[in-house]
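Trainee: Throw the hints in and build the complete structure from the sequences for me.
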Amino acid sequence: MLTSANILFGIAFLGQIFLISYYFPQKILARMDYVRTSFPRSQYPRLYPKPAEYYVVGRWAFKLATRIILALGFVILFSIIFLIDHATFADDGFISEAFPAAYGVIQFLPLMALEISEFSQFRLMRKAHVATTRTAELRRRGLFNFISPTLLGMTLAMYFGAVLLDLYAHQFEIAWGHDTVQRTMVLTITNLLLAAVGAWILYGKKLSPHQTANDRIKYIKTSLHSFFYVSMAVSVFWMTQAADDIYDLDFLDATIMSVYFQLLILLSIGHNLRNMRLEDIDFDLYKERPAT
Amino acid sequence: MQIVINIDHPEPLFSQLMEQIKQAVQTGRLSPGDPLPSIRQLANDLEVNSKTVAKAYRLLERDSVVQTKGYRGTFVHPDAKANSTIDLNAWVMNKLRETIAEFRESGVTDSEIRIAFGNVINERSN
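Protein chains in written order, with my numbering: chain A, 380 to 671; chain B, -12 to 113.
Please keep in mind that the hints were generated in silico from the structure rather than gathered at the bench.
We put the CB at the ideal spot given by N, CA and C, even for glycine.
Any given hint could be a false lead.
To be verified - Below, computed lysine-lysine pairings styled on DSS-like, alpha-carbon distance capped at 25 Å: (1) 584/A <-> 82/B; (2) 42/B <-> 585/A; (3) 585/A <-> 597/A.
Stated by the list, open to error - Only some residues are given here: those of chain A computed to face chain B with a beta carbon under 7 Å: (4) 415; (5) 507; (6) 511; (7) 512; (8) 513; (9) 517; (10) 520; (11) 524; (12) 528; (13) 582; (14) 584.
Mentor: The structure is reproduced here in structure tokens:
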């Protein structure tokens, strides 16, 4: 049924389908092709720790998965707008936010698989790297070398703002099992996870054994910024949930969820793709070095 | 600045680390008050055991080349440049050479020196 709320959701959901299952996958595929043609296996053997077929099949599987999910998105959108009776499906009679949320999780699966494959390749690179000399920068890496105190302050303020707004929306009732406690726990756990991964990137071992000091600094800076932006997006999302309870905005639930997923990909993969330009990465270190 | 260690070199890793930090101080690449990487960061970057880095830092602190300021981390000592020129290893070797030469002149055998040296070291550790 075409109502103004449904049209609004339709526009948001179309954006979600396009952004996560077409726009960014296309960008990633273009990067894969650029690396394969500009830095071929014959000249940059260290860049390809797995057999040649792995990359061909991997690219094909990623493209196929994203295309299937893209088609699935249109089927879901059509069903939501024209086939599903939301009055019987959801208690409030509006489009359930479970649709964009579940579809968003499915959309992220190929991207997560790609990330896991990347980690496994870096592991193989490290295994194959048998240099007897090891180098390190004699410079301390601290959080504030990469992000500004203002950004940290803003992120913390957003976190506490989200918790306080939720408390306010529920008349400062704190009881185990209550929405506010659950939301605060989810928000806190999400931030702790981001902090743990951030600390690992900042102080841990470098993923690629061939990465230069400058490339590593750029990678850390980009990743940390992305994490802080994602943390703020999560806080904003929980603020909208609290506002939803205050102003009774149930008809916007699904639209907000869809926009939230788009925000997440823009601030994570989008931010990283924009800031970690392939042209700026030193690929010469992936060439075969002459035996000494 | 970069630090380079060679895991196949006969010189122990902690000693290579100490030497390079001292050299960096002497050449002015590290100045008094400069922060040094945390033990965990340097150990991860060099892919060595954190005990190796901790030992190098501990010995550098003993030599007053670096100073640890609690949770704030490790920094280059204000007198690091002067203290980096003192090579404790060389000093110990010279002292031992002099002492052993004196013993030999007095007719003490090498095996007696070894036993006595071992006993003295054990007295200290006991």
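Trainee: The structure should be examined with respect to each hint, and the outcome stated for every one.
Mentor: Okay, the hints, checked on the actual structure:
no.	hint	in the structure
1	584/A <-> 82/B	violated, 42 Å
2	42/B <-> 585/A	holds, 23 Å
3	585/A <-> 597/A	holds, 12 Å
4	415	violated, 29 Å
5	507	violated, 14 Å
6	511	holds, 4 Å
7	512	holds, 5 Å
8	513	holds, 5 Å
9	517	holds, 5 Å
10	520	holds, 6 Å
11	524	violated, 10 Å
12	528	violated, 16 Å
13	582	holds, 5 Å
14	584	holds, 5 Å
Checked against the numbered hints given earlier, this structure breaks hints 1, 4, 5, 11, 12; the rest are met.
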